Amino acid sequence: MPETRDSITDIWGPRTGFEGQEQWPARIDEHTTEAPDHWVQSACVLCSNGCGVDIGVKDGRIVGVRGRAVDSVNHGRLGPKGLHGWVANNSPDRLTKPLIRRNGQLEEATWEEAMSLIVQKSKDLIAKHTSSSIGFYTSGQLFLEEYYALAIVGKAGLGTPHMDGNTRLCTATAAAALKASFGSDGQPGSYADLDSTEAILHVGHNIASQQTVLWMRILDRLAGPNPPKLVVIDPRRTYTAEKATVHLAPRVGTNIPVMNGLLHLIIEAGHLNHAYIEAHTLGFEELKKTVAKWTPDRVERLTGVPADKLRAAADILGTCKTLVSTVLQGVYQSMQATASAVQVNNLHLLRGLLGHDGSGIYQMNGQPTAQNTRECGADGDLPGFRNWGNETHIQELADLWNVHPDQIPHWAPPTHAMQIWRYCETGSIKMLWISGTNPLVSMPDLARARKILAKEDLFVIVQDAFLTETTKYADVVLPAAIWGEKTGCFTNVGRTVHISHRAVNPPGEARSDFDIFVDYSRRMDFRDQHGAPLLTSTWQTTEDAFNAWRECTRGRPCDYTGMSYAKLSEGSGIQWPCNEEFPDGKKHLYEDGVFATATEYCETYGEDLETGAPRSKEEYQAINPNGRAFLHGVDYEPPHEEPDEQYPLWLTTGRVVFHFHTRTKTGRSKALQDAAPDSFVQLATEDAARYGISEGDMVEVTSRRGRVLEPARVGGIEPGLVFIPFHYGYWDKADRPRAANELTLTEWDPVSKQPHFKYAAVKLRKVHA
Amino acid sequence: MHLATYLGLLEDSEKQLTDAFEHVAEKHRDEPDIEQICQKFSAWSRNHHGQILGFVEKYLEEQEDEPDKLKRDLFARNRSGALALLRDLHDLWLLTQQVQLCWTVIRQAALGLRDEELKACATECAARTKRQTDWLLGRVKQAAPQTLLVAE
Ligand code: SF4
Numbered sequence: 001m002p003e004t005r006d007s008i009t010d011i012w013g014p015r016t017g018f019e020g021q022e023q024w025p026a027r028i029d030e031h032t033t034e035a036p037d038h039w040v041q042s043a044c045v046l047c048s049n050g051c052g053v054d055i056g057v058k059d060g061r062i063v064g065v066r067g068r069a070v071d072s073v074n075h076g077r078l079g080p081k082g083l084h085g086w087v088a089n090n091s092p093d094r095l096t097k098p099l100i101r102r103n104g105q106l107e108e109a110t111w112e113e114a115m116s117l118i119v120q121k122s123k124d125l126i127a128k129h130t131s132s133s134i135g136f137y138t139s140g141q142l143f144l145e146e147y148y149a150l151a152i153v154g155k156a157g158l159g160t161p162h163m164d165g166n167t168r169l170c171t172a173t174a175a176a177a178l179k180a181s182f183g184s185d186g187q188p189g190s191y192a193d194l195d196s197t198e199a200i201l202h203v204g205h206n207i208a209s210q211q212t213v214l215w216m217r218i219l220d221r222l223a224g225p226n227p228p229k230l231v232v233i234d235p236r237r238t239y240t241a242e243k244a245t246v247h248l249a250p251r252v253g254t255n256i257p258v259m260n261g262l263l264h265l266i267i268e269a270g271h272l273n274h275a276y277i278e279a280h281t282l283g284f285e286e287l288k289k290t291v292a293k294w295t296p297d298r299v300e301r302l303t304g305v306p307a308d309k310l311r312a313a314a315d316i317l318g319t320c321k322t323l324v325s326t327v328l329q330g331v332y333q334s335m336q337a338t339a340s341a342v343q344v345n346n347l348h349l350l351r352g353l354l355g356h357d358g359s360g361i362y363q364m365n366g367q368p369t370a371q372n373t374r375e376c377g378a379d380g381d382l383p384g385f386r387n388w389g390n391e392t393h394i395q396e397l398a399d400l401w402n403v404h405p406d407q408i409p410h411w412a413p414p415t416h417a418m419q420i421w422r423y424c425e426t427g428s429i430k431m432l433w434i435s436g437t438n439p440l441v442s443m444p445d446l447a448r449a450r451k452i453l454a455k456e457d458l459f460v461i462v463q464d465a466f467l468t469e470t471t472k473y474a475d476v477v478l479p480a481a482i483w484g485e486k487t488g489c490f491t492n493v494g495r496t497v498h499i500s501h502r503a504v505n506p507p508g509e510a511r512s513d514f515d516i517f518v519d520y521s522r523r524m525d526f527r528d529q530h531g532a533p534l535l536t537s538t539w540q541t542t543e544d545a546f547n548a549w550r551e552c553t554r555g556r557p558c559d560y561t562g563m564s565y566a567k568l569s570e571g572s573g574i575q576w577p578c579n580e581e582f583p584d585g586k587k588h589l590y591e592d593g594v595f596a597t598a599t600e601y602c603e604t605y606g607e608d609l610e611t612g613a614p615r616s617k618e619e620y621q622a623i624n625p626n627g628r629a630f631l632h633g634v635d636y637e638p639p640h641e642e643p644d645e646q647y648p649l650w651l652t653t654g655r656v657v658f659h660f661h662t663r664t665k666t667g668r669s670k671a672l673q674d675a676a677p678d679s680f681v682q683l684a685t686e687d688a689a690r691y692g693i694s695e696g697d698m699v700e701v702t703s704r705r706g707r708v709l710e711p712a713r714v715g716g717i718e719p720g721l722v723f724i725p726f727h728y729g730y731w732d733k734a735d736r737p738r739a740a741n742e743l744t745l746t747e748w749d750p751v752s753k754q755p756h757f758k759y760a761a762v763k764l765r766k767v768h769a
Numbered sequence: 001m002h003l004a005t006y007l008g009l010l011e012d013s014e015k016q017l018t019d020a021f022e023h024v025a026e027k028h029r030d031e032p033d034i035e036q037i038c039q040k041f042s043a044w045s046r047n048h049h050g051q052i053l054g055f056v057e058k059y060l061e062e063q064e065d066e067p068d069k070l071k072r073d074l075f076a077r078n079r080s081g082a083l084a085l086l087r088d089l090h091d092l093w094l095l096t097q098q099v100q101l102c103w104t105v106i107r108q109a110a111l112g113l114r115d116e117e118l119k120a121c122a123t124e125c126a127a128r129t130k131r132q133t134d135w136l137l138g139r140v141k142q143a144a145p146q147t148l149l150v151a152e
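Quick mapping for you: the protein sequence lines, in order, are chains A and B. All residue numbers for the first sequence refer to UniProt numbering, where the first residue is 1 and numbers rise by one. All residue numbers for the second sequence refer to UniProt numbering, where the first residue is 1 and numbers rise by one.
These are computed hints drawn from the structure, not numbers from a lab. Predicted model, so just to flag it, every value in this text is computed and none were measured. The beta-carbon is built from N, C-alpha and C at its ideal position, and this holds for glycine as well. Hints may contain errors.
As the list claims (entries may be wrong) - Listed below are several chain A residues computed to face chain B (Cβ distance under 10 Å; list not exhaustive):
1) PRO161
2) HIS162
3) HIS404
4) GLN407
5) ALA412
6) THR415
7) ARG422
8) GLY427
9) ILE429
10) GLU607
11) THR611
12) GLY612
13) PRO614
14) SER616
15) TYR620
16) ASN624
Please model the entire structure based on the sequences and the hints provided.
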């Protein structure tokens, strides 16, 4: 059956060189195992790129996918995960019935039993300990209608401040950096900017592995006329770095000195758009002062990046007329995460490279629907990018939901994931509802996370499609329907909204997350001020929820009011804001240099980037940014844990091209699993020689928090640094400790509250198996 | 002239604050955010303390009384349980207020004396003290409802 290309051996496929806005030639990638009897419109949910796909269906089963040639994101192309991940839907080990723990064992139960138990437990806890004893830990993989339902259940129904997603672990810094610079979340550019840009900067973003289809677009630019210059900042020689015009490989934890060094050179050379800085920014002098001490020599001493390479990079970044920058986990999961990420925003602001064709910034997302977790307020944000410090915004939500404003918790910022877990640990959160995520592989310091979920006084609900490392500790497991089995919308990292239609029925009794949250709301009998049922009085279908969501976004930066299920189904991807003024969506934000920083409009009054202390409305008003963007200068701070005699090496963690998240889906696709079957530790040839380790030897890696055993992979990394991919846990292989997060730290960035996965001090030992 | 006396009071207060942040960092290290930030704040206060010492020296001969000492029963060392974090943050906040007010007083004196160096020092240290206070206030606000209403 058609497999148009072998994406396992040739990840990105053949080149079609090009140049020019929207000139990227289409190529339809397809993989089906049987001829479908019909195709159903959707988009891929295996990374934040959100490639448009059609799902092939035969006899009520998914039999494959093909890229949508008309889609603005992927022009028909799909990567290995997109082409092979769907197989997991048909996996024989899908959960098909609710499970309840009885006498220590998870046993099959009916929905009636499972939901009644959850409702009873909730009511008991609220009576005894208030609804602040209930917490939610969700995902970056549900649909927007589901997050919005969850947000209303939590914020208006229960009134608990404890709701966050695993997005905290992957993209919280993206949101924090956008807010800190521009006043609101929302990526300023479009993918089409890559089609004509003169230069591209990737910071801590291994795009070749993470968003293979976006990388194809860049590879095709590199193969066409007038290829863009590529600057890559990454401590590892990744696939992305191999293609770089200039590759800077700083020591772990030194992003700030490198970025400050680049800005210093650019300012010194006068490669500035003075008029833009003057009219549209605040804080230039401060920034200039902060970066001034980062001369190339000083940067070299601290980061190991040769001064001439830094100059070469600054030359490209300082003279290009258009620039697209992307930032991801190498920055977000490191020390000074938010502070480093905003330096990329600074670069664009200093040069006025925003809001026109060819220029944009991607503070990247990892997960496919992380953007919606943030937009809908299913994490530490409020729906519609509203500001928890602004009473008017709270009132708007109260009006939308017809509840008293004080019902919506806004006395402090919504609780962040790491704090939710800490409250579970200390016993003040007594019920944790986990949906669509597998924290017992993805959380830092796993030994501690396991101990928390195992606590007697914590009632754990896990909503998932499969049994996972986390369901082992659940009191109730709810079987969830997934992509292809339910209808809903989601938004990629580029503000592009897709609809994904239901193609097949969920297996057994599995239900969509939407149905589960709405059912909970009905059973809890949540009501608005006038006694009408919350949610259920108006929401029968996800389309009703989408229409309610549209109203919630009216007048906000993420304006969906011009979209509908019908409109989304006619085309293939629409960018917000989409409203009367921009009925087909908008390619660029901030075209006029007016940012979302006006006091009544902004999503945040900002934080002290060094301490995370929130700024008050009064202080913000005193600054009166009124549409101007913030230039933030931040100086370097050394990492909190550094290699020493006992733990002499740096550990960093990251992804491999064939897997997503904790492999609950990709690990069940034979092609993807065979391509990357097991975890490993990658170390430099020099370090391998020092420890007498050869390729394939079993190596024990130990940190202050735990230990793992991994087969060695030698080469392709700087001496002193070792790398372990974060996807691997225990559901399919429990014979040795192998999850990278056994080793990582429970620390976070003070602003974005994103944990520091990217560094930990470790030691190595070869073990004789 | 009582400047030296007040500098003594400030010196003592910054010293207490240095130790108190260190103490809280150590005691609440299981919180995901407390240890690192409180160590940072402790370092800030230590730095302020060092800066004051120079001025204490400078204005020493004019000292009339023994420097005033803060006599407060902050930081009951063996406080424990769910309230402990909130109470410790509360006490830290009080201490930063004490320090802040001292800096305000000293800065006024510096203006009168036209001691540019002392003025610059007071301005810088007061600004950093405010950042300590702001962080503590945010953290207290976050911890308060959970501690008072839910924790046992
Ligand atoms: S790039 Fe991302 S969205 Fe596109 S096919 Fe690959 S995994 Fe799916």
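Hints and how they fare:
1. Interface restraint check: A/PRO161 against chain B, minimum CB-CB distance 8 Å, threshold 10 Å, status holds.
2. The beta carbon of A/HIS162 comes within 9 Å of a beta carbon in chain B, closer than 10 Å, and the hint placing it at the interface holds.
3. The criterion of a C-beta within 10 Å of any C-beta in chain B is not met by A/HIS404, whose closest approach is roughly 17 Å, and the hint is violated.
4. The restraint placing A/GLN407 at the interface with chain B is violated, with a minimum CB-CB distance near 14 Å, outside the 10 Å limit.
5. Taking 10 Å as the C-beta cut-off, the interface hint given for A/ALA412 holds, the closest approach to chain B being about 4 Å.
6. Evaluation of the A/THR415 hint against chain B yields a held restraint, the C-beta minimum of about 8 Å falling below 10 Å.
7. Interface hint status for A/ARG422: upheld, as the beta-carbon distance to the closest one in chain B is roughly 6 Å, under 10 Å.
8. The interface hint given for A/GLY427 is met, as the beta carbon of that residue sits about 7 Å from the closest beta carbon of chain B, less than 10 Å.
9. The interface hint given for A/ILE429 holds, since its Cβ lies 8 Å from the closest Cβ of chain B, which is under the 10 Å cut-off.
10. A least Cβ separation of about 9 Å between A/GLU607 and chain B falls short of the 10 Å threshold, and the interface hint therefore holds.
11. At a threshold of 10 Å, the smallest CB-CB gap from A/THR611 to chain B is about 5 Å, leaving the interface hint in force.
12. Proximity of A/GLY612 to chain B holds as hinted, the smallest CB-CB distance being about 7 Å (cut-off 10 Å).
13. Look at A/PRO614: its Cβ gets to within about 5 Å of chain B, closer than 10 Å, so that hint holds up.
14. For A/SER616, the shortest C-beta to C-beta distance to chain B is roughly 8 Å, which falls under 10 Å, so the interface hint holds.
15. Because the beta carbon of A/TYR620 sits about 13 Å from the nearest beta carbon in chain B, more than 10 Å, this interface hint is broken.
16. Checking A/ASN624 against chain B: minimum C-beta separation of about 19 Å lies over 10 Å; hint violated.
Checked against the numbered hints above, the structure violates hints 3, 4, 15 and 16; every other hint is satisfied.
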